Amino acid sequence: MASLISCPHCGTRPKEEFSIRGAVVARPQPGAKEDAWYRYVFIRDNPKGRYQEYWHHAAGCRRFLVVDRDNLTHEVFAVTDATEFAKNAEVAR
Amino acid sequence: MTSYRLDSGGLVNRSYALTFSFDGKSFKGLDGDTVASALLANDQMLMGRSFKYHRPRGPVTAGSSEPNALVTIGSGARNEPNVRATVAELYAGLTAVSQNRWPSLSFDMGSVNSLLSPLLGAGFYYKTFMWPAKFWEWVYEPVIRRAAGLGKMVMEADPDRYEKSWAHCDLLVVGAGPAGLMAALTAARSGVRVILADEGFRFGGSLLSENLNIGGVSAADYATGLIAELASLPNVTLMPRTTVFGWYDDMVFGAVERVQKHVASPSPDLAVERLWRIVAKRAILASGAEERPLVFGGNDKPGVMTAGAVRTYLNRYSVAVGSKVAVFTNGGSGYRTAADLAARGVEIAAIVDARAASEDVVPAGVRVIRNGAVVATKGRKRIDGLVVERAGFQEEISCDALAMAGGWSPIVHLMCQRGQKPVWSEEKQAFMAPDVGSAFVAAGSAAGTDTVSAALRDGAAKASAFARDLGFAAYEANIPDVEGEYDASFAPLWYVPGAKDKAFVDFQNDVHVSDLGIAQREAFRHIEHTKRYTTAGMATDQGKLGNVNTIGIVAGMRGVSPAEIGTTTFRPFYTPVSFGALAGASRGEHAAPTRTSPLHGWAKKNGATFVEAGLWYRSSWFPKEGEKTWRDSVDREVRNVRENAGLCDVSTLGKIEIFGANAGEFLDRIYSNGFLKLPVGKARYGLMLREDGMVFDDGTTSRLGPNHYVLTTTTAYATEVMTHLEFASQTLWPDLDVCFTSVSDQWAQMSLAGPKARAIMSRIVEDDISDAAFPFLAARTVTLRGGLAARLFRISFSGELAYELAVPAGYGEAVADAIMEAGREDGICAYGVEALNVLRVEKGFVTHSEIDGRATADDLGYGKMMGMNKPDFIGKHLSTRFGLTAADRLQLVGLKPIEADKEFKAGAHLLKENAAPSMASDQGFVSSVCYSPTLGHYIGLAMLKSGRERIGERIIVWDGLRNSEVPAEVCAPVFVDPGNTKLNV
Amino acid sequence: MRYSAFSILKQALSGNRLWTPAWREPEPKPHYDVIIVGGGGHGLSTAYYLAKEFGITNVAVIEKGYIGSGNVGRNTTIIRSNYMLEGNNPFYELSLKLWEGLEQDFNYNAMVSQRGVLNLFHSDGQRDQYARRGNAMRIEGVDAELLDREQVRRLAPYLNFDHGRFPIMGGLLQKRGGTVRHDAVAWGYARGADQRGVDIIQHCEVTGIRRENGVVTGVETTKGFIGCNKLALAAAGNTTTVGRMADLQLPIETHVLQAFVSEGLKPVIDQVITYGAGHFYISQSDKGGLVFGADIDYYSSYAQRGNLATVEHTMQEGVTMIPGLSRAKVLRAWGGVMDMSMDGSPIIDRTSIDNLYLNCGWCYGGFKATPASGFCFAHLIAKNETHRVSRFMRLDRFERGYALDESGKGPQPNLH
Amino acid sequence: MALTLLHRHVLDDHISGFETNANPNHLSVFRRPVIFSVLAKVGQERAVGAALEAAADIAVRTCAPGEWLAVSQTSGSETVAGQLSAIVDASSVDQSDGKVLLTVSGPSVRKILAKCVAVDLHPDAFADGHSTNMLIGHVTGNLARTGADRFEIIVPRSFAGSVFEELMEMGREFALTAAFAGD
Ligand SMILES: Cc1cc2nc3c(=O)[nH]c(=O)nc-3n(C[C@H](O)[C@H](O)[C@H](O)COP(=O)(O)OP(=O)(O)OC[C@H]3O[C@@H](n4cnc5c(N)ncnc54)[C@H](O)[C@@H]3O)c2cc1C
Ligand SMILES: NC(=O)c1ccc[n+]([C@@H]2O[C@H](COP(=O)([O-])OP(=O)(O)OC[C@H]3O[C@@H](n4cnc5c(N)ncnc54)[C@H](O)[C@@H]3O)[C@@H](O)[C@H]2O)c1
Ligand SMILES: Cc1cc2nc3c(=O)[nH]c(=O)nc-3n(C[C@H](O)[C@H](O)[C@H](O)COP(=O)(O)O)c2cc1C
Ligand SMILES: [Zn+2]
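Protein chains in written order, with the UniProt record's numbering: chain C, 1 to 93; chain H, 1 to 985; chain R, 1 to 416; chain U, 1 to 183.
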């Protein structure tokens, strides 16, 4: 990955159509402590290997996608709509 | 000493002679020649000089790995340096010039470096040029730089066109030799969508160079047959003159097609080079094998070339590279070369075979020196003899060319560009392609096959496997018999010891065996260190010829296998690619798309000067006759707005239409201030923060219906805000019932500001817009006289009575014209972004000069807009951190010069009076400055440490960069009408 | 062996056969006073200054590949001190001063070349920003000049002055900025450190950090356990990976940046020039190659290779800025993995573990920092005390709200 | 005072000067098509999509899940607005002035478009009737296939000049001509 992303809505598209926002991290609940907010905004797991990252299909459907991939080999495991992803994560939680 | 054109044969068109020039001298070549083959046909062996020692050099290959024969082709703005003469296609009128020599190719002053060479060993420059300290910059470096580089650039704008295209296929075949042609055909016959690309101007690869019969016809004719068949198939795209230069993630390949590099005057309707991004499901690398040079003393002299190159010049171009050619070989390629030369009547001086014995067929009457080695070459600008050593005895042999055959290296470059390294094979004595997964494989001699028949079979087999894999019924290709193949096996000989002259591994960069020795001795033993220290493999050919020899030699010095040494990293580009091709058409004015406002025509009519702002062309001011400077115009525009009225194009603001039952709640979480209670028909100024608590953007949002809003952003942040909203709604709060879309392009929006704005607007709008009916911050759909529906907002960025009117874009120009007409009697003027800026600075409104990503709401004086009672909004939670609330933060203030005639500029810093300049004493900076025609002096907005409590203080506006220090008074950041009396009328 | 004109001559006369290793290749000792993880510019310079300035010589630099295999060996070699914020500017100025005396200091010619760094601006707004930066430099005594269009034209006549959309209005010039021969920096520091007793251990990967009673006692490596009193991390793009071995959680994301070199060309570009209407920067090496780069690839990556889209974008900007480049050919493209921090500025600090020290977050600007970074980090390690000029580069600045955000882009590392 | 307001097409200035006789490869610009953005309420994407498909005289272009362009060459904007407002759980907004609609057709159309879009337009991959948002000449637009050798492009008005010029430049090799439809 990195050259092409398969958008679940639009099909296979080049990197140029996307803007990349960074790691997928869950936003704390409004009442969370300041430390949780600090970690949410500033601290990153930054693993070497499997990684979930927000890619915004800016020149296509304008959906945020969660791209699940290996950041060393650039292999992509899955591309999911972010809303869908959040719902699944909710269920998992 | 001669190389010459033979009377018959070859793949050149003898009925079509081409005149060209080299170093100003005129030559004749034939259609089908390269520059190198044509020069050789004219007995011009000397074609270049090496980089460091300026040694005379001739071509060593007949292909794209050429390190020596680099020339500059073309003149004027079409000048192109570092073209490989060995691949440059000849055309009538071509002009080529040799490089890196002065005053001439045959007499080059730079060659004195050769005499100094003992001082110039690997890494010498790291150890010297340090004394005295200042001399590096003043003396040594300028001298070194003068010697740097090969070709010269003219640095003029390129007159030619470039473009890019995407291509999609099931199978990409790289290389159109026997393996590639057969692979493409097999796949295509199975129904697969195939692209076949080859860097050569003629398909066929080695079939064009080898003297063979395939299925009863010559190899070249056989290739022609395959190509014709491929060309007839609808699912095949043939791409000659196309180098696949890189393999990228997801089976995307970069390729460059030289569309018109072989014509004297390119057609303006076509690109000269076209960049291809090829998306393939599968790919076959059929790029062939590279013949290795042998490493012996004087192996770089003109006349020494690889045996394969000698055969290519002979069989394809019908050029004998000499009249008496010697062969130095460690395998069958040398014998085949001798046989081909002999068959064409060229005298063979001798075959020197490093091996004790072999089964190769020796051409009749040719002397073979077994167990022999070339230890030196004679001659300077072209060899005229060799010294051969055998069993301790030396013998001189006269010759005018030497074919060297050092064995074969599969060309696996592309498969190694994504991190995998090639793998040493003891059996093949070569680095083989790594396993890169099942979608991309090598075939033919790129995969280690030795013969044409094996290449054909391998190509067919790999293609049919892919066809099956992709769900096609595989087609069984008919592989004909090949007659006249030879045994291409070899026994490795990494270098010949005992050389007197230098034995080169990297020809262009002049790296020789003893440099490799220095590197080992000095601890630069890792092959990457060896490379970087000696520069072996770093020249324009990227070590295509030399790297494997370097590795073999280093392995020998260390007494280990080449497997243990390994290769250096393979990187794009397979061969160098022009900036032009990679940039394509998107350059200069077309570097980015342009946006024009619906009021563009109106602005033009009114004489606007335009400025580019975030892709938009915005009208910056509207000069009138007699106005000498932009300031004259801007001052007039500002005064006119404050006194009468002005019309300004604000169409470039981002506009987002928001719907949904939770739209209000959504906005409440997006903005720091409250939006839930905004009444229908009203606009409100809002502040958006980033999650780290800093201000992100601002703008007004209007409620048009219970569940319907329209939000505006700044021009600069329109895209970012849209993305921000999408992020929030899709990932943070997907449960909110809200949807939105950009309507930025739908509306032409114009601001009518000034005391006479209402009078003018009433002539345009049918609705009652009296202060009572349409008060400050009213926002409603209205009807223009004549019936057009429009949106009217009573918002002001100037402090004046003002309206923003939005009409469908196509009517924008007409409505603006109508307003100008309606306002004529009231003295309306058009005003641009410069005047807009002055008006807002006078009122202390912030823009992204102040919202610079480091400012909090409170810094900007908007502390009250932090709805801390709301449970949540973006930026709330981190806005209370210590550093964001500290007392010494920079806060927005106004500045007035103490002496009214003094000017200061944005970008100046602030210092306490009498303080010595330093970062520690720095008090802040000036963010925006303008001349206020209203007040008659300069004013500024500034971010000042603890600014708000320092109103009234005298401060120095320090601009060391522009040599100015102006005392100023800190004041509130509102200069005009602080009570807003002009707004609410 | 000391390098001198004499040594070169002597070697030449003996066929260059008597050169001695630039550094030893020792086996690791069981224990060191200080272990530095990462044989890049920062790790090696830290070792050098520890030994030279602070007399701490029982030091090992542990490098998983060959020294210089990381970003120090793959950057565009630009050095400058044209920073705006108080937390950055004095630090980079110290670095520039150290560069200026470096060759004499470590007896190695790293070819520090103060050819000037010119940042072009293309609009009034950009000029104001550059003026703010230039004044921040001048206020601290750092050289800076604001050039107008004609002054720029005199320096670089080949720039695209006719551009209607993004006209070159002028530039911010730092004459003392320039380039340095990247590899030689690593080699020079390595040699200097080695001569003072530092062990440089290559091909040895740190795989674990051993802690006892809350303090670090040493590192697990591919060559076995090596003990230490103090552990210092200078692993650039791999900081998170190494940091995690001690449970550090960091404000770092790893990204890839590409760089490029053209074929060798006769000198045409004298300064380092950066494009203000985009993100392109270029200089010409002493060998004749145009060395240049532009934006990062924007996605997280630990692979040292980049994307074709970014390559094309880079060339578009290059040709837009310098139309005459169009017919020059690009030879090679590569990538480096960088430790992008949440505000684009570095961290030189202690950690929550007493004897564990951290040096990271250099993004794509840490080459120029190499001397000062090593100097300040050595200072911190040796004295347990932050050097004055690096006092803003604290790890807790994010939590406390003191981000050092030169670009104002906020906590999205790929935008810095 | 009643205003008489002239409607201007953004490409008026760009097109003048081009060959009016259409070549085999030709670009047509439509003067005043009706184009609406239609947005579905979260969760109602499918129902809204189906209702849209059923609407008479409206061509539906897919932008995103739950977002479409409703295009009509034959109905007026009130009619379309009426039809759309009848769809439950959909919001719609007139974009007729914000979007520019053109078609490119001819034997070389795929070769021309391959220089402007990254998507595979082989009929097996991009069938007749298919539409989607994508980068078209560096601008986000909507591309639809409306025939074997015919594509429809919808781009934002402010970018239309840029896109038009890029298409014409890329079509130069194939003698692409351009005109307003019906002119
Ligand atoms: C393409 C590019 C261009 C750049 N251009 C510039 C520029 O022009 N100017 C500028 O100032 N800066 C530039 N930079 C940034 C600069 O190169 C880096 O910030 C700087 O080199 C980082 O410090 P370093 O030299 O110590 O890093 P590195 O050289 O990367 O050193 C880190 C070392 O740690 C080693 N390591 C990692 N993990 C382990 C482990 N577990 N065990 C052992 N060893 C380990 C790595 O192998 C590596 O050698 C650029 C960067 C890139 C990628
Ligand atoms: N041991 C050996 O490998 C060996 C020894 C002797 C002879 N040979 C001969 O090599 C030939 C093998 O045929 P083959 O088809 O494998 O190779 P080939 O050399 O005939 O064809 C390779 C083709 O690939 C092209 N090419 C290479 N890289 C390219 C790139 N990046 N982009 C575009 N084009 C590229 C070349 O221009 C060439 O036309 C036979 O003639 C065989 O006899 C091989
Ligand atoms: C300033 C600089 C100049 C370079 N010049 C050349 C060059 O002239 N030739 C070359 O092949 N590579 C050159 N390189 C690139 C290196 O060969 C190499 O690609 C880079 O250091 C990254 O290492 P890697 O490719 O082994 O991963 C240069 C690199 C840098 C940083
Ligand atoms: Zn999509």
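There could be a bad hint or two in this list.
As the list claims (entries may be wrong) - Taking lysine-lysine pairs in the PhoX-like style, the calculated list, with each CA pair at most 25 Å apart, reads:
id, chain 1, residue 1, chain 2, residue 2
1, R, K52, H, K52
2, H, K134, R, K52
3, R, K52, R, K10
4, H, K864, H, K876
5, H, K896, H, K912
6, C, K33, H, K982
Hint data in this document are derived by calculation from the structure and do not stem from the laboratory.
Owing to the predicted nature of the structure, the values given are computational and were not obtained by experimental measurement.
Here's how the hints hold up against the structure:
1. At roughly 36 Å between alpha-carbon atoms, K52(R) and K52(H) are farther apart than 25 Å, so this suggested pair is violated.
2. At most 25 Å may separate the alpha-carbon atoms for a hinted pair to count; K134(H) and K52(R) meet this at roughly 24 Å.
3. Restraint check: the Cα-Cα separation between K52(R) and K10(R) comes to about 28 Å, which exceeds 25 Å; the hinted pair is violated.
4. For the hint linking K864(H) to K876(H), the alpha-carbon distance of about 13 Å falls within 25 Å, and the restraint holds.
5. Under the criterion of a C-alpha separation no larger than 25 Å, the hint pairing K896(H) with K912(H) is consistent with the structure, at around 15 Å.
6. Between K33(C) and K982(H) the CA atoms are separated by roughly 46 Å; this puts the pair beyond 25 Å, and the hint is violated.
Hint compliance for this structure: hints 1, 3, 6 are not met, and every other hint is.
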